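Here is what each chain is made of, one letter per residue.
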Amino acid sequence: MPLIEFRNVTKKYGHYTACKGVNLAIEDGEFVSIVGQSGAGKTTLVKLLIAEEKITEGRIVVADWDITNIRPREVPILREQIGVVFQDFKLLEKKTVYENVAFALEVSGADNARITNVVPQLLKIVGLENFTNQWPYALSGGEMQRVAIARALAHRPKILIADEPTGNLDSINTKEIVNLLQKINEFGTTVILVSHNKEVVNYIKKRVVTMHQGEITSDQARGRYLL
Amino acid sequence: MITLWRVIKFGFQSFVRNFWLSLVTITIITLSLLSISALGAVSVMSTEALRGLEDKIDISVYLKPKLTEGQIYALKGELEALGGVKEVVYISAEEALVKFREKYQGNEQIGEALVLLGVNPLGASLVVKANSEDGYQEILTRLEEGDYDDIIQEARFDDYRQVITGINDLTNKVKTAGIWVSGLFLLIALLVVFNTMRINIYTHRQEIEIERLVGSTNWFIRGPFWVESILYALVATIVTAGVFYGALSWLQPYVVGLFNGSSFNLVTYFQGNWLTFFGLQFLAAAILNMLASGIAMRRYLKV
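Protein chains in written order, with the working numbering: chain A, 7 to 233; chain B, 1037 to 1339.
Derived DMTMM-like pairs: lysine to aspartate or glutamate, alpha-carbon spacing no greater than 25 Å straight-line:
#, chain 1, residue 1, chain 2, residue 2
1, B, K1112, B, D1091
2, A, K101, B, E1245
3, A, K60, B, E1245
Hints in this document: simulated from the structure, not taken from any laboratory. For clarity, every value in this text was computed on a predicted model and none was experimentally measured.
One chain only, chain A, in its complex shape (with noise of 0.2 Å):
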């Protein structure tokens, strides 16, 4: 049974359709990059993915549960298992590098005892572990992105996504970026990175799923971005 899976599933914004009869499986542990160009609908299925959007038609599972019809009150448990970082990080500016890691959990209701045992490990994790106190206008990109992966894995989730992350930065911190992301799949997270960076899709050598005007388009295993 796969981690992931849409069952033919179609989005439509009134007459537009984003996605048209997606079927995907993703397995536990894989690493998937999901590119195509703008507009080939890879955003969308994120959005679907984390319930932030209702399907039209189809099904959506993850890990044996239906989320197609999910109630808003279910909504949070599912984005507990869900881990996401977006190209332009999201970071709240007020907060410190531990501050901004430590909300994920104090707005979900963990107790400060796991609070100060967690925010610590996540951070050596993503190499932060000595910026705790930084406020992020101080951090680099690449700095701002690996406080974004260590607050989405707060909760220990089952998937990470990872919708452009690599748009805001330079090479360098592209490469270190998508190591991290290499390092959390051997973990065990399964990760999806959606990207339409050709240099970063080929450096991974993991499964390409290739979307086009709202279409998978071609799924290879240890595939390369070709468009």
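Fit chain B to the given chain A structure using the hints.
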């Protein structure tokens, strides 16, 4: 429990961080509460003034001289039996003289005149109090029907009803104006709180987005906004209470003058009823704020 504590903490943080926004909101709510408090003070003062006047209303029945005590007590009994009579007090000629002397203690001319007369010029009287304000005219009509012409020299009724009606009218007009002013302020407060929450939601949009992404519950996202709206009501009520007591202390000497030296004390009255008075105001303000916040969140906070 820890979640509730964090919701309160986040609410406090937002309240402090948006200091100027909070200040404006609190000022408007305070103005609304102050106008309601002023209305309350006017109401208490008018009630007290009316009670004082109602106490003064009575019918003085002046009796003809040379009546025996037996005749007087017989008349007293008859009057007490009349419908609408609350009580009848007998004041003898001697008691009337004592009261007269007390009243004009400093007036040398009156003192000398009484000495010159050598006899008590005042007669006995009966003071009749009715059960209700409307009962006096009925009693007076009954006394003037002729049955008591041999006994009663004069029945006098100091009619305060016009004054009472005047005070009632004035009070009602002040209350009506007060209700309109308070209503207007409340409406403005409601709109200001609504707008404050809208701005708050906007300034916290990134925080809210992250909260949603990392699995925060709707309750946790909305909670701090509820806390903040209650805080506005609480601080506004405290400020109102401070300003109100300050104003009352300043007004109290004038109130004593208004009540003709009465022992009525506005400050003491409101100190005795502060929990009800300000508790209700806080409750009303909190409910209204939460209503405005609820509408703002429903409209602008998508969770």
